[in-house]
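There are 2 protein chains.
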Amino acid sequence: MKPGRIRYGMTAECRETREIMKVELICVGTELLLGSIVNTNAAYLSEKCAGLGFSCYFQTVVGDNEERLTQVLEMALGRADIVILSGGLGPTEDDLTKETAAKVCGKPLQLHEPSREAIRKYFADRGMEPTDNNWKQAMLPEGCIVLENHNGTAPGVIMETERGSVILLPGPPNELRPMFEESVAPYLAGLTSQVICSRTVKICGVGESRAETMVKDLIDVQDNPTIATYAKTGEVHIRVTANAEDKKAAQKLIKPVVKELKNRFGSHIYSTEEETTLEKAVADLAIANGLTITCAESCTGGLLSARLINVPGISEVYKSGVITYSNKAKRKLLGVKKSTLQKHGAVSERTAEEMAKGAASISKADVAVAITGIAGPDGGTEDKPVGLVYIACCVKGRTTVKKHLFSGSRDKVRDSAVSAALGLMRSCILEYYSKVTFGKEES
Amino acid sequence: MKPGRIRYGMTAECRETREIMKVELICVGTELLLGSIVNTNAAYLSEKCAGLGFSCYFQTVVGDNEERLTQVLEMALGRADIVILSGGLGPTEDDLTKETAAKVCGKPLQLHEPSREAIRKYFADRGMEPTDNNWKQAMLPEGCIVLENHNGTAPGVIMETERGSVILLPGPPNELRPMFEESVAPYLAGLTSQVICSRTVKICGVGESRAETMVKDLIDVQDNPTIATYAKTGEVHIRVTANAEDKKAAQKLIKPVVKELKNRFGSHIYSTEEETTLEKAVADLAIANGLTITCAESCTGGLLSARLINVPGISEVYKSGVITYSNKAKRKLLGVKKSTLQKHGAVSERTAEEMAKGAASISKADVAVAITGIAGPDGGTEDKPVGLVYIACCVKGRTTVKKHLFSGSRDKVRDSAVSAALGLMRSCILEYYSKVTFGKEES
Numbered sequence: 001m002k003p004g005r006i007r008y009g010m011t012a013e014c015r016e017t018r019e020i021m022k023v024e025l026i027c028v029g030t031e032l033l034l035g036s037i038v039n040t041n042a043a044y045l046s047e048k049c050a051g052l053g054f055s056c057y058f059q060t061v062v063g064d065n066e067e068r069l070t071q072v073l074e075m076a077l078g079r080a081d082i083v084i085l086s087g088g089l090g091p092t093e094d095d096l097t098k099e100t101a102a103k104v105c106g107k108p109l110q111l112h113e114p115s116r117e118a119i120r121k122y123f124a125d126r127g128m129e130p131t132d133n134n135w136k137q138a139m140l141p142e143g144c145i146v147l148e149n150h151n152g153t154a155p156g157v158i159m160e161t162e163r164g165s166v167i168l169l170p171g172p173p174n175e176l177r178p179m180f181e182e183s184v185a186p187y188l189a190g191l192t193s194q195v196i197c198s199r200t201v202k203i204c205g206v207g208e209s210r211a212e213t214m215v216k217d218l219i220d221v222q223d224n225p226t227i228a229t230y231a232k233t234g235e236v237h238i239r240v241t242a243n244a245e246d247k248k249a250a251q252k253l254i255k256p257v258v259k260e261l262k263n264r265f266g267s268h269i270y271s272t273e274e275e276t277t278l279e280k281a282v283a284d285l286a287i288a289n290g291l292t293i294t295c296a297e298s299c300t301g302g303l304l305s306a307r308l309i310n311v312p313g314i315s316e317v318y319k320s321g322v323i324t325y326s327n328k329a330k331r332k333l334l335g336v337k338k339s340t341l342q343k344h345g346a347v348s349e350r351t352a353e354e355m356a357k358g359a360a361s362i363s364k365a366d367v368a369v370a371i372t373g374i375a376g377p378d379g380g381t382e383d384k385p386v387g388l389v390y391i392a393c394c395v396k397g398r399t400t401v402k403k404h405l406f407s408g409s410r411d412k413v414r415d416s417a418v419s420a421a422l423g424l425m426r427s428c429i430l431e432y433y434s435k436v437t438f439g440k441e442e443s
Numbered sequence: 001m002k003p004g005r006i007r008y009g010m011t012a013e014c015r016e017t018r019e020i021m022k023v024e025l026i027c028v029g030t031e032l033l034l035g036s037i038v039n040t041n042a043a044y045l046s047e048k049c050a051g052l053g054f055s056c057y058f059q060t061v062v063g064d065n066e067e068r069l070t071q072v073l074e075m076a077l078g079r080a081d082i083v084i085l086s087g088g089l090g091p092t093e094d095d096l097t098k099e100t101a102a103k104v105c106g107k108p109l110q111l112h113e114p115s116r117e118a119i120r121k122y123f124a125d126r127g128m129e130p131t132d133n134n135w136k137q138a139m140l141p142e143g144c145i146v147l148e149n150h151n152g153t154a155p156g157v158i159m160e161t162e163r164g165s166v167i168l169l170p171g172p173p174n175e176l177r178p179m180f181e182e183s184v185a186p187y188l189a190g191l192t193s194q195v196i197c198s199r200t201v202k203i204c205g206v207g208e209s210r211a212e213t214m215v216k217d218l219i220d221v222q223d224n225p226t227i228a229t230y231a232k233t234g235e236v237h238i239r240v241t242a243n244a245e246d247k248k249a250a251q252k253l254i255k256p257v258v259k260e261l262k263n264r265f266g267s268h269i270y271s272t273e274e275e276t277t278l279e280k281a282v283a284d285l286a287i288a289n290g291l292t293i294t295c296a297e298s299c300t301g302g303l304l305s306a307r308l309i310n311v312p313g314i315s316e317v318y319k320s321g322v323i324t325y326s327n328k329a330k331r332k333l334l335g336v337k338k339s340t341l342q343k344h345g346a347v348s349e350r351t352a353e354e355m356a357k358g359a360a361s362i363s364k365a366d367v368a369v370a371i372t373g374i375a376g377p378d379g380g381t382e383d384k385p386v387g388l389v390y391i392a393c394c395v396k397g398r399t400t401v402k403k404h405l406f407s408g409s410r411d412k413v414r415d416s417a418v419s420a421a422l423g424l425m426r427s428c429i430l431e432y433y434s435k436v437t438f439g440k441e442e443s
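Residue numbers (UniProt numbering), protein chains in the order written: chain D, 1 to 443; chain E, 1 to 443.
Hints are not guaranteed to be accurate.
Remember, identical chains collapse to one label, so a pair may be satisfied in a single copy or spanning two.
Lysine to aspartate or glutamate pairs mimicking EDC-like chemistry, simulated, CA-CA at most 20 Å apart [stated by the list, open to error]:
#: 1; residue 1: K259; residue 2: E212
#: 2; residue 1: K384; residue 2: D125
#: 3; residue 1: K412; residue 2: E175
#: 4; residue 1: K255; residue 2: E160
#: 5; residue 1: K48; residue 2: E182
Calculated directly from the structure, the hints in this document are not laboratory data.
Bear in mind the structure is a predicted one, so any value in this text is a computation, not a measurement.
Modelling step: build the complete structure from the supplied sequences, incorporating the hints.
So this is what it looks like as structure tokens:
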């Protein structure tokens, strides 16, 4: 074990050496240094490595420059067990990550026939001819582990050296992510005896500060698993994370904490599954109850429908929706009364209600949700400020209207309104089936 | 001048020393190392610094740890003129960026009365009481320049030392960005005699590789300004960037290159303004010609409307839209013929055409655009694969239909379809007014 590794859990009773291995990230690319693109690879790789039980103490961004990349890689090898580099594996002369890393590791580049063949096939499948540059991508460090790229021409590389493992991944996220899942995650999992598991409890309809207050006592006394709250637009996620020697032991630590959170937040929890979004939870609820849904949107201009339609399989329950931006459209497409618009205005409880009822009646959908509000930056008054949004939901004739005052930019107000509308759809469907009553805390 | 700085332009004729100063970024925060948040501050600060004429060779992310932060800061001070740190200025014990940086710079912390008063006022305005921790934020390094924070309680700090300037900024983007604009940008501008200006030529309807081929000769011979192409979904941006001693001189270098690009790409250029998006260009064109617009969307489920409605002032021309996901909705809301759906299917040239015509006729809009396609991941067949999208645009009775085959995920296909629809709206409006003919290159 190199001195940089941290040991822990080394009590007299614990005979097995457990160690947390350190991974360090180096993202290569001038476009990152110029701020032309945001470094989503670093967030992705960090999150995945943390999930596999690795610690990451440093991330570095450096340009396509041999001298500076060498400097950064040498330093990373001095303080981490595994160094993951992303970017700079392309076919052009600027791309020098592989050449530089191979030199630092003392591995000469050799032609790798299967990669050459894969590149030939990649171009042939697309009816294209590779350029001379492309063959450069088949030159790989001697003795390396080759990671197949199913989404591009640059293979990934793992070099195992006495100073640690060096992993090279392509920069485009649609190549890097599948390669990480398929090849790097299993490789890393084989290096460590320690796993970190986490489960996320996803909550809607409870504000961030209230959610924090509700779990503060748990956070204060818990060490393993740890509990952390994350505020999302219109949602709060609580992540419960445990270290253990295997997945089963970690899940055993997590289970009672998730149970306690379910006791405290009750029906406000819409999912504890990683891949379930709020819109998926709503869609699943509608599908399970055989309810068709429709949306009538004003200030959100189609965003709510677009989020719902993002759920595969939604076509079973979502048939149509309307965007009624003008007063005339609200009258014509939804049957909102002229007198309502004149007396209460387009942004009012009454208009929202008539929009939802009209949408339900015209589309014959079981659940109709309507949004009308002032997204800004202009259009606000003292009585009706920017951020004022009314959301109505009609479930089989029973209509609920909620008033919100959201803060932030036009985009933020619209995103908040969409999340609130999804939350309202969910609570109205549950209430209709008398499964729960919202508006009070669950015990 | 320290040895790390790069000199250039030092010919016998050039008496003025021009130098590019180096800035280095250090983003502090465990949540970045865990991948819980994406490092948008790094992209923002890099882009701003590049725009001010500074070079950035390294960005580092490190956690809230005194030893590791000291190590990173010492290294940055050894290779850059200015080090910008973001994050870790909060009131809790975990936040130690200021304490660590002050120690590295040899500046003791002192109570800064105006900051103490600002913190008192910040809480009083919100009817809240500061906690004991909050006063920590008024302890600032001796002799520093204090940067006011109008959006939070942590003041920013500039420490000028013999080894370079160290700038501390709060981590939340809504505090960091205004502070950078108000205080840091003017400070940095005063340090350098060099400016970098750029102009972006935004193109739609021309593929990335064709655009690259069309400007390759320019890229090869240009040094100042430089020319770089960036592929966006459905668009290509060409950025022309010049160094000069002042803004005027830089713009003078840029102008003839932009003119040449206009010659080559003609009407495919929709804007050369930084803040103009494709949807804004389409909205502006509709407003300028007094044309109302409507959208009928199937596979994009409201995304096109949502993008259009994101343009402030759109309510002048956009009144309503529909999402017709099911065949029944296409018939009922748009009048698509049953026989068309039966004979050609929902994803066909004919259905797209009838959707656009129906939307125009029912909404009475001057411009109606319709999208129907297969976004995937399921639903594709050999004849009609995932990614097949038909887009129709009807301008005052004249309808054009385009067939596309997009690649990538469900999200990618939908985004590509929305961009293509905006491009089609633009070209159809221009063609209607016989301003240009698309489909051939402009000269």
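Against the structure, the hints:
1. K259 <-> E212: Intra 17 Å, inter 57 Å, cutoff 20 Å: intra-copy only.
2. K384 <-> D125: For K384 and D125, only the inter-copy Cα distance (19 Å) is at most 20 Å; the intra-copy one is 59 Å.
3. K412 <-> E175: between (31 Å within a copy, 14 Å between copies)
4. K255 <-> E160: neither (37 Å within a copy, 52 Å between copies)
5. K48 <-> E182: within (13 Å within a copy, 37 Å between copies)
Checked against the numbered hints above, the structure breaks only hint 4 and satisfies the rest.
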